[in-house]
Amino acid sequence: MTDANRKLQAACSARSEFLLPLLFIALSGVCIWQARDMSQLGAVFPTTIALVTLVAAVMRIGQLALRGVRSNVGRGRGSTPRRVLLVLAMAAWALAMPWAGFLLAGLASFVTLMLIAQHEPWTPRRLMGHLITGGVLVGCFYGLFALLLNVPLPVGRWWMG
Numbered sequence: 001m002t003d004a005n006r007k008l009q010a011a012c013s014a015r016s017e018f019l020l021p022l023l024f025i026a027l028s029g030v031c032i033w034q035a036r037d038m039s040q041l042g043a044v045f046p047t048t049i050a051l052v053t054l055v056a057a058v059m060r061i062g063q064l065a066l067r068g069v070r071s072n073v074g075r076g077r078g079s080t081p082r083r084v085l086l087v088l089a090m091a092a093w094a095l096a097m098p099w100a101g102f103l104l105a106g107l108a109s110f111v112t113l114m115l116i117a118q119h120e121p122w123t124p125r126r127l128m129g130h131l132i133t134g135g136v137l138v139g140c141f142y143g144l145f146a147l148l149l150n151v152p153l154p155v156g157r158w159w160m161g
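Oh and the sequence shown: position 40 is 40 in full-length UniProt numbering, straight run, nothing missing.
If you're looking for bench data, these hints aren't it; they were derived computationally from the structure.
Computed from a predicted model, the values in this text were never measured in an experiment.
A portion of the hints provided could be inaccurate.
[What the hints assert, rightly or not] In silico lysine to any residue, SDA-like type, Cα no more than 20 angstroms apart, as pairs:
1) Lys7 to Val58
2) Lys7 to Arg70
3) Lys7 to Ile61
4) Lys7 to Ala26
5) Lys7 to Leu88
6) Lys7 to Thr47
7) Lys7 to Ala43
8) Lys7 to Val52
9) Lys7 to Phe18
10) Lys7 to Gln63
11) Lys7 to Ala57
12) Lys7 to Met59
13) Lys7 to Trp93
14) Lys7 to Pro21
15) Lys7 to Val87
16) Lys7 to Glu17
17) Lys7 to Arg67
18) Lys7 to Phe45
19) Lys7 to Ala65
20) Lys7 to Leu20
[Said to hold, decoys possible] Quick list of the computed label-pair ranges, beta carbon to beta carbon:
21) Leu153 to Val52: 18 to 24 angstroms
22) Val55 to Pro121: 35 to 41 angstroms
23) Arg36 to Arg157: 42 to 48 angstroms
The beta-carbon is built from N, C-alpha and C at its ideal position, and this holds for glycine as well.
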């Protein structure tokens, strides 16, 4: 493998590839700093997430430094309608959650985002794989937050009689 093949492809410029991990390191530091004013039990979740984010960002910077980065001069412009639809879908998810609840809104938003993001033709196998993955992911996040971390998630006004 040549040295050029080992380099990671940047999303834009090689320099900009280092900015996001640095931003996450700074945000993690702010979160850890703010968590010191919380109760001991209340600080567990934000501190844990901040530490995991901090470690991941440091690992990414290490990976970029070790392997090197090459600029992506020929990158495509992307699709503005898809970007707008992404923002609209996320806003609809946030607005629907109090009414439909976390599980139903999460599943609906996953399917919507999956439809927006899909570039290749649908096959029955790909569709089933995505739907199963979405159901498992939404269920795992619900279990993590609601059951394990005791974070109150919206049940939904439609289900509360």
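Against the structure, the hints:
1. Lys7 to Val58: Since the Cα atoms of lysine 7 and valine 58 sit roughly 18 angstroms apart, the hinted pair holds (cutoff 20 angstroms).
2. Lys7 to Arg70: Satisfied, since the Cα-Cα distance of roughly 6 angstroms is no more than 20 angstroms.
3. Lys7 to Ile61: holds, 13 angstroms
4. Lys7 to Ala26: violated, 26 angstroms
5. Lys7 to Leu88: The hint is violated at about 35 angstroms.
6. Lys7 to Thr47: Measuring from Cα to Cα gives roughly 33 angstroms; hence the hint is violated.
7. Lys7 to Ala43: Cα-Cα ~39 angstroms, so violated.
8. Lys7 to Val52: Violated - the C-alpha atoms of valine 52 and lysine 7 are around 25 angstroms apart, more than 20 angstroms.
9. Lys7 to Phe18: holds, 14 angstroms
10. Lys7 to Gln63: Status holds; Cα separation ~10 angstroms.
11. Lys7 to Ala57: holds, 18 angstroms
12. Lys7 to Met59: holds, 16 angstroms
13. Lys7 to Trp93: Violated: lysine 7 and tryptophan 93 sit about 38 angstroms apart, past 20 angstroms.
14. Lys7 to Pro21: holds, 17 angstroms
15. Lys7 to Val87: This hinted pair is violated, its Cα atoms lying about 32 angstroms apart.
16. Lys7 to Glu17: OK: lysine 7 and glutamate 17 at ~12 angstroms, within 20 angstroms.
17. Lys7 to Arg67: holds, 5 angstroms
18. Lys7 to Phe45: violated, 35 angstroms
19. Lys7 to Ala65: holds, 10 angstroms
20. Lys7 to Leu20: Cα-Cα ~18 angstroms, so holds.
21. Leu153 to Val52: 18 to 24 angstroms: holds, 21 angstroms
22. Val55 to Pro121: 35 to 41 angstroms: holds, 39 angstroms
23. Arg36 to Arg157: 42 to 48 angstroms: violated, 36 angstroms
Of the numbered hints listed earlier, those contradicted by the structure are 4, 5, 6, 7, 8, 13, 15, 18 and 23.
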